[in-house]
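**Student:** Each chain, written out:
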Amino acid sequence: MGKKMGDQTIAFLNKPRIVGNYSIVGKKEGCGPFKDYFHYILKDDLFGESSFEHAERKMLEQAIGCSIKNAGMNINDVDLIVGGDLLNQIISTSFTARYFDRPFLGIYGACSTMAESLAIGATFVDGKYLNNVVCATGTHFSTAERQYRFPLELGNQRPPTSQWTVTGAGSTVLRLADEGHMITKATLGKVTDYGIKDANNMGAAMAPAAMSTLISHFKDTKTSPDDYDLILTGDLGKLGSEILMDLMEHNGYKLGKNYNDCGQMMYNNNQKTFQGGSGCGCSAAIFNSFILKKLDEGVYKNVLYAATGALLSTLSTQQGDSIPGICHAVVIERDSKVGE
Amino acid sequence: MNKEKHFSRNEQYNVYVESKIPKTKDFPTLIWAFLVGGLICVIGQGISDILMLIVPTMGIEEANTWMLIILIFVASFLTGIGVYDRIGVFAGAGSIVPITGFSNSITSPAIEFKKEGIIFGLCVKMFSVAGPVIVSGLVISFVTGIIYLLF
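If you read the sequences in order, they're chains X and P.
Taking the numbering used here, the leading residue of the first sequence gets 77, the next gets one more, and so forth.
Taking the numbering used here, the leading residue of the second sequence gets 4, the next gets one more, and so forth.
Hints are computed from structural coordinates only; laboratory data are not their basis.
No residue lacks a Cβ here, since even glycine has one placed at the ideal position from N, Cα and C.
You may find that some hints are simply not true.
Stated by the list, open to error - With the C-beta cut set under 7 Å, the calculated list includes, among others, these residues of chain X facing chain P: (1) E125; (2) S127; (3) G231; (4) N232; (5) Q233; (6) P236; (7) Y270.
As the list claims (entries may be wrong) - As a list, the in silico SDA-like pairs of lysine to any residue whose alpha-carbon atoms are at most 20 Å apart: (8) P:K8 x X:D397; (9) P:K128 x X:T390; (10) P:K28 x X:K333; (11) P:K128 x X:R225; (12) X:K348 x X:R225; (13) X:K333 x X:P109.
Please put together the full structure from these sequences, using the hints given.
**Tutor:** Set out below in structure tokens:
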């Protein structure tokens, strides 16, 4: 059996395992429904630093460092760090990587970065090119806000379609081991653009990309939505998930109760985020806390994690371009030895 | 897929999305904007009345100038302590349109970009939100001046 399945999917025959993980979130996220699952919750959004950019780096540093520790390793055992973030020239991740003094691949997949880094990391590990790969990403509400939108203290109103960038980071360590949940497949997404131009409606811009990747995944692997205990999209938000469900149904795939979206899960309704969370940190934090925990407990046996990203910049929006989206999916299967 | 097909697909999708998106509730937002905007104006009137009462020699124009300075300072101060943006969340245009909103739109980028330095951060970015208002104000007053000169 070859390692490539169908058109866009890779099968990892050696089954890279998740041997370490860590999640860290901001204060607001720490008041949400998953507050008991995150490894660390910031007491204030500056995290003792002089700027929000530095706070974002410090979160990433802690996430990467502690995930390596959780994997029972030393920093020198790490062969590669793969990661990215939302800031221009992905400064948060690359600036953080200089502290670790290990090989680093910086990637940009907007909010799909966690799934993209897992797919890349798993490929290196599965091919036995590298032993230990760290996949990490993170975002900060205040840094994203100033880059993409308005100053924090400006008294403007957010439109009802907008989402709230999550302050958070997540890191996962992959290795060929005897124990740990396995990454068994990855579907690499295509850039999909259905002509949405409203930068305040990212859910609608990314939903077609999620649809494209999910349909390709089901076709390539000859599975259906019912074969998974959980299908989890990255940060489509409430509106985006509704659109995705409509789009999928239109194409003959019904997403039922086993479908959810990290964006709409992240906050309580009374936290006034409108459509929910967004940003790399959104799905990275939930994946590295709640999802892996539930796999440990055996609530889920296999999860299709499809992180979505909107590949826009302020410049492209101002020039009137539409917003291309991307979605990468990975399948995580439970190791029944864990948690027993 | 050819471009035309793309275009019609995108058009259909945009129409569909437009029908799905939640709309801003007009009535409550209008009421809040009216109440808060009105309140700011009442406070302004109050300040200028009190000023004229305290200093009887002060004319109405001078009193209004002082009133504007006071309102600008208060809005700037409220922005600095992180209160003004919270008013803006429910007041909308009510707190943007009065001069206090203009003050907020200059103070907030000034605070935000101070970390990038006094000159390239604070001074350059200070007018990033209010800039268009100043430019259109200048252009309109120039045009008005020309019209006034001719007729």
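**Student:** Each hint needs a verdict: does it hold in this structure or not?
**Tutor:** Verification of the supplied hints:
1. E125: Result: violated, 11 Å to nearest chain P Cβ.
2. S127: Status holds, d = 5 Å.
3. G231: holds, 2 Å
4. N232: holds, 6 Å
5. Q233: holds, 5 Å
6. P236: Holds, about 4 Å.
7. Y270: holds, 4 Å
8. P:K8 x X:D397: holds, 18 Å
9. P:K128 x X:T390: Holds, at about 16 Å.
10. P:K28 x X:K333: It is violated: about 31 Å lies between the C-alpha atoms, which goes past 20 Å.
11. P:K128 x X:R225: holds, 13 Å
12. X:K348 x X:R225: holds, 18 Å
13. X:K333 x X:P109: Holds, at roughly 18 Å.
Figure legend: structure checked against the earlier numbered hints; hints not met, in rising order: 1, 10.
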